[in-house]
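Novice: With chain C fixed as given, assemble chain A onto it according to the hints.
2 protein chains.
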Amino acid sequence: MILAVDVMGGDNAPQAILGGCSKFLKSETFSDAELMLFGDEKALNQFKIENESLSNRFHLIPTTEVIGFDESPTEAYKKKKDSSLVRAFEAVKNGEAQCVVSAGSTGALLTGAILSLRRQKGVKRPVLASQLPTMNGKSVLLLDSGANTDCKPIYLQQFAIMGKAYMECVAQVKDPRIALLSNGSESEKGNMLTKEVHSLLSETKNIHFVGNAEARELMSGNFEVLVCDGFDGNILLKGVEGASKMILGLLKESLYSSLRGKIGGLIAKPAFADVKKKMDYKEYGGSPFLGVNGGVIKAHGSSDEKAIFNALRQGYNWIKNDLERVIQETIDNNQIDE
Amino acid sequence: MILAVDVMGGDNAPQAILGGCSKFLKSETFSDAELMLFGDEKALNQFKIENESLSNRFHLIPTTEVIGFDESPTEAYKKKKDSSLVRAFEAVKNGEAQCVVSAGSTGALLTGAILSLRRQKGVKRPVLASQLPTMNGKSVLLLDSGANTDCKPIYLQQFAIMGKAYMECVAQVKDPRIALLSNGSESEKGNMLTKEVHSLLSETKNIHFVGNAEARELMSGNFEVLVCDGFDGNILLKGVEGASKMILGLLKESLYSSLRGKIGGLIAKPAFADVKKKMDYKEYGGSPFLGVNGGVIKAHGSSDEKAIFNALRQGYNWIKNDLERVIQETIDNNQIDE
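Protein chains in written order, with the working numbering: chain C, 5 to 342; chain A, 5 to 342.
Okay, chain C solo, but in the shape it has when bound (with noise of 0.2 Å):
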């Protein structure tokens, strides 16, 4: 068990990525897996010095580019051939590992995934998928959180598919209950393209539909898989983000504008961290890219050590648990025709 580790993508990088590296080798729950830390040299060097223990698990291979944010992805992806991250994607397209693992640039790991590990056989679109905290403690796993725009019904069939065999193989959730988010729960709302889905997954098989889902429902614990195309799923999530901001800003504004606010807003600190915390996205990782070829776990690119940490996390469960196996199968079991 093998991850291929981008070192140069975040905000945080190289230090936060090599940091989670080293929490990760360190935990005995993952002393079976090995890691390839594809960046720096200098930087690798250092880590070499720090882990010495433990360097019969890990592989460093010094590159000499990096593909940043402001980059296209896909020309950067073509031209930077020694960056870390088109590195790790070839030493997982040549076996040498079995799942990348970056926090840098969205687009570039998903062209990446795409033209280095290539779909899988039957898999329409490849999908990218967010898992997000919920009211009862849990978490739900939003796809398609952005990668494909415009989207067939048969598109959102395999993503509910590819999403109940991460939620079983990585989040370890048993049957995952499995909501299409439309702008009303009775099932005859929906547009065009959501009112065929809702057949699809009506006629799904092993799959557990819960039906349509309205989007104030994402956080509710009502299910723990949520189908949607990717502009929707960019709508939803940003929705959410704009509005968790909005509501923590005025919050503090009103705070700080009197007195009696700021000694109340002190003493009522912690209960302001434990809601942080909650909605953190750092405690559930990174984001799968499910349907190609090998695994891929895009962590937040502002991750810090416990962020690498998690999406390590991930792709030891994704690869011990077979995830790309497991969706094979179950694409193979539901072919339809377009």
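Among these hints, one or two may not hold up.
Identical copies look the same in the list; a pair holds intra-copy or inter-copy alike.
No farther apart than 27 Å at their CA atoms in a straight line, the calculated lysine-lysine pairs in the DSS-like style are these [to be verified]:
| # | residue 1 | residue 2 |
| --- | --- | --- |
| 1 | K46 | K280 |
| 2 | K30 | K46 |
| 3 | K256 | K282 |
| 4 | K52 | K85 |
| 5 | K83 | K193 |
| 6 | K142 | K310 |
| 7 | K249 | K193 |
| 8 | K156 | K199 |
| 9 | K178 | K282 |
| 10 | K82 | K193 |
| 11 | K52 | K266 |
| 12 | K84 | K193 |
| 13 | K266 | K324 |
| 14 | K199 | K209 |
| 15 | K199 | K30 |
| 16 | K256 | K27 |
| 17 | K310 | K178 |
| 18 | K84 | K273 |
| 19 | K266 | K249 |
| 20 | K142 | K266 |
| 21 | K266 | K280 |
| 22 | K125 | K209 |
| 23 | K249 | K280 |
| 24 | K249 | K273 |
| 25 | K52 | K125 |
| 26 | K256 | K125 |
| 27 | K128 | K178 |
| 28 | K27 | K84 |
Simulated from the structure, these hints should not be mistaken for lab results. This one's a predicted model, so the numbers in the text were calculated from it and none came from an experiment.
Specialist: Just chain A now, kept in the frame of chain C:
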């Protein structure tokens, strides 16, 4: 200037509706307006007694039926001829009043607006708009917020035109900035629909189009009008609603789990109330339904007196500034082949 009020619509009807009407009639600002009140005879008679001094400015029309939230809108609208909502629409249709205000079922209101008042000439699809608070203490108009799930590009172009007219005539915002909801702010981002709309809006005369906006910018104050189809509008609005509830719910839960939290929460209470007020839809009144022959304001189902008062104020501005004529002129000026 006469407004037709559905006294029986909404969770707090008829008391809150009549309370809002009374407040409206007593305000100096609206002394040139009259109200037609449609509803239960007993409630209307009580209103008459309590507002005797203003009796030259209201007309009471007793009705015997009510359309509920759980009824099929089209069926109920066609069957309940003596309902407060149907009678209010008939009054506008017959020229006895110029604007309907109701806090009842949205579906029945939209049905009534289309069946009784009919689309304005050249308007492809009437549109429901929602006014929301922004970080800078102003507001943004989101449209379509739920009336049309599947849209052609020209529909969204007309939403922009009607949204501008509404903001100028009713919200008194000059030359509002208009943005298009998309999955990225760059002009090349979007799905098939929004890409076409982007080029249409770039060519539309006399509007201040500022390009694509992401969902997280909804309440940023960077624009005054945000255009999207009714499916995405629903997802964005309900996503924001769900996130707000989740954050405030988690905070409350966390505060109440410790004595320290309880004390801090108590001291910080005015700040919470302040935020709640800033996020309060009641401050912004109801949702206008634009593009039919007559004014239509949908007040929130749980409207209190103040919300109804604000909805009546919107209706007043609608009539006073002849929104219907302004929409007709701008639609005529932007005739485009489909």
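Novice: Look at each hint and say if it fits the structure.
Specialist: Okay, the hints, checked on the actual structure:
| no. | hint | verdict |
| --- | --- | --- |
| 1 | K46 to K280 | neither (35 Å within a copy, 52 Å between copies) |
| 2 | K30 to K46 | within (22 Å within a copy, 77 Å between copies) |
| 3 | K256 to K282 | both (18 Å within a copy, 13 Å between copies) |
| 4 | K52 to K85 | within (24 Å within a copy, 82 Å between copies) |
| 5 | K83 to K193 | between (46 Å within a copy, 23 Å between copies) |
| 6 | K142 to K310 | within (18 Å within a copy, 39 Å between copies) |
| 7 | K249 to K193 | between (30 Å within a copy, 24 Å between copies) |
| 8 | K156 to K199 | both (11 Å within a copy, 18 Å between copies) |
| 9 | K178 to K282 | within (23 Å within a copy, 42 Å between copies) |
| 10 | K82 to K193 | between (43 Å within a copy, 21 Å between copies) |
| 11 | K52 to K266 | neither (47 Å within a copy, 49 Å between copies) |
| 12 | K84 to K193 | between (47 Å within a copy, 24 Å between copies) |
| 13 | K266 to K324 | neither (49 Å within a copy, 45 Å between copies) |
| 14 | K199 to K209 | within (18 Å within a copy, 36 Å between copies) |
| 15 | K199 to K30 | neither (49 Å within a copy, 49 Å between copies) |
| 16 | K256 to K27 | neither (34 Å within a copy, 34 Å between copies) |
| 17 | K310 to K178 | within (26 Å within a copy, 49 Å between copies) |
| 18 | K84 to K273 | neither (46 Å within a copy, 55 Å between copies) |
| 19 | K266 to K249 | both (19 Å within a copy, 24 Å between copies) |
| 20 | K142 to K266 | between (32 Å within a copy, 25 Å between copies) |
| 21 | K266 to K280 | both (19 Å within a copy, 18 Å between copies) |
| 22 | K125 to K209 | within (19 Å within a copy, 49 Å between copies) |
| 23 | K249 to K280 | both (11 Å within a copy, 15 Å between copies) |
| 24 | K249 to K273 | both (17 Å within a copy, 20 Å between copies) |
| 25 | K52 to K125 | neither (39 Å within a copy, 74 Å between copies) |
| 26 | K256 to K125 | neither (51 Å within a copy, 49 Å between copies) |
| 27 | K128 to K178 | within (25 Å within a copy, 48 Å between copies) |
| 28 | K27 to K84 | neither (29 Å within a copy, 69 Å between copies) |
Of the hints listed earlier, those the structure fails to meet are numbers 1, 11, 13, 15, 16, 18, 25, 26 and 28, in rising order.
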